[in-house]
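Novice: Sequence:
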Amino acid sequence: NHLEGAFNLIFRADGRLIAHPDYMEVIQKNGGLFDMRRDGDAHLRHLFELVIQQPPATAVVANPTDNELLAVTRIKGPDWYLVTVYPTSLLTGIAVKTTRFILILGMLSLLLEVAILFFVLRKQVAQPLTQFLEATQQIAAGNFEIQLDTTRPDEIGWLAHSFNAMSHTLEREATKRTKELAAQNNLLEQTLKTSQSTEQALRENQALLQGLLDYAPFLIFVKNTQGQLILCNRQLELFFHRRKEQLLGKTD
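My numbering numbers the first residue of the sequence shown as 1437 and each following residue consecutively.
Hint data in this document are derived by calculation from the structure and do not stem from the laboratory.
The beta-carbon is built from N, C-alpha and C at its ideal position, and this holds for glycine as well.
Don't take every hint at face value.
Unchecked claim - In silico lysine to aspartate or glutamate, EDC-like type, Cα no more than 16 Å apart, as pairs: (1) 1659 to 1570; (2) 1559 to 1585; (3) 1629 to 1607; (4) 1465 to 1475; (5) 1559 to 1590; (6) 1659 to 1688; (7) 1686 to 1673; (8) 1533 to 1440.
As the list claims (entries may be wrong) - The following label-pair restraints were derived from C-beta to C-beta distances: (9) 1623 to 1574: 20 to 30 Å; (10) 1593 to 1687: 24 to 34 Å; (11) 1631 to 1587: 30 to 40 Å; (12) 1653 to 1682: 21 to 31 Å; (13) 1623 to 1577: 15 to 25 Å; (14) 1647 to 1524: 47 to 57 Å; (15) 1540 to 1682: 19 to 29 Å; (16) 1664 to 1577: 17 to 27 Å; (17) 1663 to 1502: 56 to 66 Å; (18) 1540 to 1515: 33 to 43 Å; (19) 1502 to 1455: 11 to 21 Å.
Could you put together the complete structure from these sequences and hints?
Specialist: Written out as structure tokens, the structure reads:
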């Protein structure tokens, strides 16, 4: 295998050509006796002279006459020269491909690290956040009896404690509002106020939860049982270069 526009050749120090993509038939026809200095064209003779004139440790030889670079390797044993010839015009393309390859490796390494981090933190972060979301939905449905685990000594535990306190506060507020409604004989109006208060508290809680997610330095997202994305943080938006509104509801 070689770069497009490049080729390999092998020859001996006495000028005998062993292998060349354009001269293999001639070499075989002459029984392997092909002298680069005598039988080769001007380009082939020039390549031989350039390589032979270089010190033994030289690995790269410039050929400005033909706008080429020669990569030279001495093969121990038979003491042959393996020369790779490629145009200097390929350097830009090679540099771009190399940069792209390094970038791809970096991205793969990043994806691997993210995958490892995801599997390690899945139970520590993703599942509790799912519980928070379900609890928010329960409160939105009017069920204030739900309780979250507050034993964790971290931000999730603190948020769960605040969430439970909020739930109790909302429950007491709902009871208070109900009594006020009965006292004021204006059930419909007070029910509307309680609903608005509950919705405001839910929005504040969701904003607090979203703020915590956006503060996290790694990708966090939650999917429902249908595989749809229902919650994500700012890092996920930056990773996919999409706004949250474009990501929510997607399955992949």
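Novice: State for each hint whether it applies.
Specialist: To see whether the hints hold, each was checked on the structure:
1. 1659 to 1570: holds (12 Å)
2. 1559 to 1585: Within the cut-off at roughly 14 Å; holds.
3. 1629 to 1607: holds (14 Å)
4. 1465 to 1475: Within the cut-off at roughly 13 Å; holds.
5. 1559 to 1590: holds (14 Å)
6. 1659 to 1688: holds (10 Å)
7. 1686 to 1673: holds (13 Å)
8. 1533 to 1440: holds (13 Å)
9. 1623 to 1574: 20 to 30 Å: Hint holds: Cβ distance 24 Å, inside 20 to 30 Å.
10. 1593 to 1687: 24 to 34 Å: holds (32 Å)
11. 1631 to 1587: 30 to 40 Å: Hint holds: Cβ distance 33 Å, inside 30 to 40 Å.
12. 1653 to 1682: 21 to 31 Å: holds (22 Å)
13. 1623 to 1577: 15 to 25 Å: Since the Cβ atoms of residue 1623 and residue 1577 sit about 20 Å apart, the hinted range of 15 to 25 Å holds.
14. 1647 to 1524: 47 to 57 Å: Because 55 Å falls inside the window, the suggested range holds.
15. 1540 to 1682: 19 to 29 Å: Since the Cβ atoms of residue 1540 and residue 1682 sit about 25 Å apart, the hinted range of 19 to 29 Å holds.
16. 1664 to 1577: 17 to 27 Å: holds (20 Å)
17. 1663 to 1502: 56 to 66 Å: 59 Å Cβ-Cβ, so the 56 to 66 Å window holds.
18. 1540 to 1515: 33 to 43 Å: The hint (33 to 43 Å, Cβ to Cβ) holds, given that residue 1540 and residue 1515 are roughly 39 Å apart.
19. 1502 to 1455: 11 to 21 Å: holds (20 Å)
Hint violations for this structure: none, all hints satisfied.
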